[in-house]
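Asker: If you want the building blocks of each chain, they are given just below.
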Amino acid sequence: MSLVPRIIPCLDVANGRVVKGTNFKQLLDMGDPIELALKYETQGADEIVFLDIKASVDKQASALAMIKKVAMTLSIPFTVGGGIKQLSDVDKFFDAGADKVTLNTAAVENPQLINQIANKYGSQSLIIAIDVNHESNGDLAIYTHGGSKRVKKPYANWINEVVERGAGEVLMTAMHKDGTGSGFDLELLKQADFPLPIIASGGANKPKDFLDAISAGADAVLAAGIFHRDEFTVADVKNYLINNNIKMRI
Amino acid sequence: MKAGIINLNSGNLLSIVSAVEKCGCETRVITKPDANFDVLVMPGQGRFGFVCEQLNQNNWREFILDWIAQGKRFIGICVGMQVLFEKSLEDETAQGLAVFNGAIDKLKHPKTPMVGWAQLDSADTFYQNQFVYFVNSYGLPASDYCLATVNYGEQFCAIVKKDNVTGFQFHPEKSGHYGLEVLQRCLA
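Chains as they are written, first to last, in my numbering: chain A, 1 to 250; chain B, 1 to 188.
Simulated from the structure, these hints should not be mistaken for laboratory data.
Be a bit skeptical, because a hint or two may be false.
Unchecked claim - Subject to a maximum C-alpha distance of 16 angstroms in a straight line, what follows is the list of computed EDC-like cross-link-like pairs (lysine to aspartate or glutamate):
#	chain 1	residue 1	chain 2	residue 2
1	A	K149	A	E109
2	A	K39	A	D219
3	B	K111	A	E164
4	A	K153	A	E135
5	B	K111	A	D219
6	A	K68	A	D91
7	A	K20	A	D230
8	A	K152	A	E135
9	B	K2	B	E53
10	B	K111	A	D193
11	A	K69	B	D124
Said to hold, decoys possible - If the Cβ cut is set under 7 angstroms, some of the chain A residues that face chain B in the computed set are:
#	residue
12	Q43
13	D46
14	I76
15	P207
16	L211
17	G217
To be verified - Away from chain A, derived, C-beta distances all over 10 angstroms, residues of chain B:
#	residue
18	Q57
19	D144
20	E173
Given the structure is predicted, the values throughout are model-derived calculations rather than measurements.
Yeah, the Cβ is synthetic: ideal placement off N, Cα and C, and Gly gets one too.
Please build the complete structure, drawing on both the sequences and the hints.
Answerer: Right, dumping it as structure tokens:
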């Protein structure tokens, strides 16, 4: 007995609605965040992640009222991200009832923020999201600002820095796979050699993609479209995994 | 059923308040001792020493020990459970409530902190093989009052119970529908 792999539906929120894009573009309306989150909890989701895409791009603060309502409604842990610039933004999210926060752009622009959050709230409260892209020359590059800005810092250096500064988990999104439904980037997962839980994200199209990601070393798998479009329920995915000898919480 | 949720300035209380209400209880968050309840719930996040220090404020320590001595119902969650013991390796000079004998130890987790869902092991079929949500680095390796254990690197206590006092190392308020059943069982 030990920790079991987690299935984490991700709700990208913009203007109070859940949206889904393809390769970070073309947003489609997918419904009400609270309703959807509750539906996924009922289906057996182990955690929920809310990302406020619009907040990151438009530099707006996320809706704290929504976070409070989520905290009162859900009985499973949830993470919020988007629009975080400084420790005081993080304070607001935790005050509103979030269990964890996730940072991407802010962590790259101000890495000291990782230390500050880990010291104040503990490593378990912090997920660092890393958007990785396979460049045409074969390099792995990291991106911020919702996938629109390439960062000079090499991928490997950034991973080490994130670990050393006290992050609790890494949410790894393969941008070249996101929204394409062509499966997770298994090579990226297999190469990931660091002592933090890794949440695989980007590219889930069918239950086998989850199995492949877990087999490649993911501690958790995050997905959006496959659940929002009702192609598979969380329970469908978990049943498939259980039938393939992966222990799951049911 | 009226439940008092003890606020020791140790983390957000919205989830635990909502969970206790979902179990059919009236709740009120209290920052000072108040005996006008059927049950008291003490959540806790962060360091053992910090929560012990908070207990030294407002006469909490005497009030809680008196409440428990009277045989009234009490629930401690996470660090709120740990401070029911004598001491902790996390902050060796801090004094726990010593409702239970024993010391909290640093656990030999494969990854620290332990964050996630793990399965309970218990002689009680209500708990056996159920999944609950843990967030901790420290814990109680063993106790005579252990009702359920969990294994992550090593075995440790997930639930302790003595008379009307129940302690949960995991977070029932974050453990889905089953977590609410667990809470309801000691609130009903």
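Asker: All hints, please: hold or fail.
Answerer: Hints versus structure:
The straight-line distance between the Cα atoms of K149 of chain A and E109 of chain A is roughly 12 angstroms, inside the 16 angstroms bound, and the hint therefore holds. Between K39 of chain A and D219 of chain A the CA atoms are separated by roughly 23 angstroms; this puts the pair beyond 16 angstroms, and the hint is violated. A C-alpha spacing of about 14 angstroms is found between K111 of chain B and E164 of chain A, which places the hinted pair at or below 16 angstroms, so the restraint holds. For a cut-off of 16 angstroms, the pair hint linking K153 of chain A to E135 of chain A stands: about 14 angstroms separates their Cα positions.
Taken as a hint, the K111 of chain B and D219 of chain A pair is honoured in the structure, with Cα atoms around 12 angstroms apart against an allowance of 16 angstroms. For a cut-off of 16 angstroms, the pair hint linking K68 of chain A to D91 of chain A stands: about 13 angstroms separates their Cα positions. Between K20 of chain A and D230 of chain A the alpha-carbon distance is near 13 angstroms, which keeps this suggested pair within the 16 angstroms criterion. Of the pairs offered as hints, the one joining K152 of chain A and E135 of chain A holds, with about 13 angstroms between alpha carbons and a cut-off of 16 angstroms not exceeded.
For a cut-off of 16 angstroms, the pair hint linking K2 of chain B to E53 of chain B is broken: about 27 angstroms separates their Cα positions. Distance restraint check for K111 of chain B and D193 of chain A: the Cα-Cα separation of roughly 14 angstroms lies within the 16 angstroms cut-off, and the hinted pair is therefore satisfied. For the hint linking K69 of chain A to D124 of chain B, the alpha-carbon distance of about 35 angstroms lies beyond 16 angstroms, and the restraint is violated. The criterion of a C-beta within 7 angstroms of any C-beta in chain B is not met by Q43 of chain A, whose closest approach is roughly 11 angstroms, and the hint is violated.
Residue-level restraint check for D46 of chain A holds (minimum Cβ-Cβ distance to chain B is 6 angstroms; threshold 7 angstroms). With a least beta-carbon distance of about 5 angstroms to chain B, the hint placing I76 of chain A at the interface is held under the 7 angstroms criterion. Interface restraint check: P207 of chain A against chain B, minimum CB-CB distance 19 angstroms, threshold 7 angstroms, status violated. Annotation: L211 of chain A was flagged as interfacial toward chain B, and the flag is violated, the nearest CB pair being 18 angstroms apart, outside 7 angstroms.
Look at G217 of chain A: its Cβ only gets to about 13 angstroms from chain B, farther than 7 angstroms, so that hint breaks. With a least beta-carbon separation of about 21 angstroms from chain A, Q57 of chain B lies farther than 10 angstroms from that chain, consistent with its non-interface assignment. The beta carbon of D144 of chain B is kept farther than 10 angstroms from every beta carbon of chain A, the shortest such distance being approximately 22 angstroms. The claim that E173 of chain B lies off the interface is violated: its Cβ sits roughly 7 angstroms from the closest Cβ of chain A, which falls inside the 10 angstroms cut-off.
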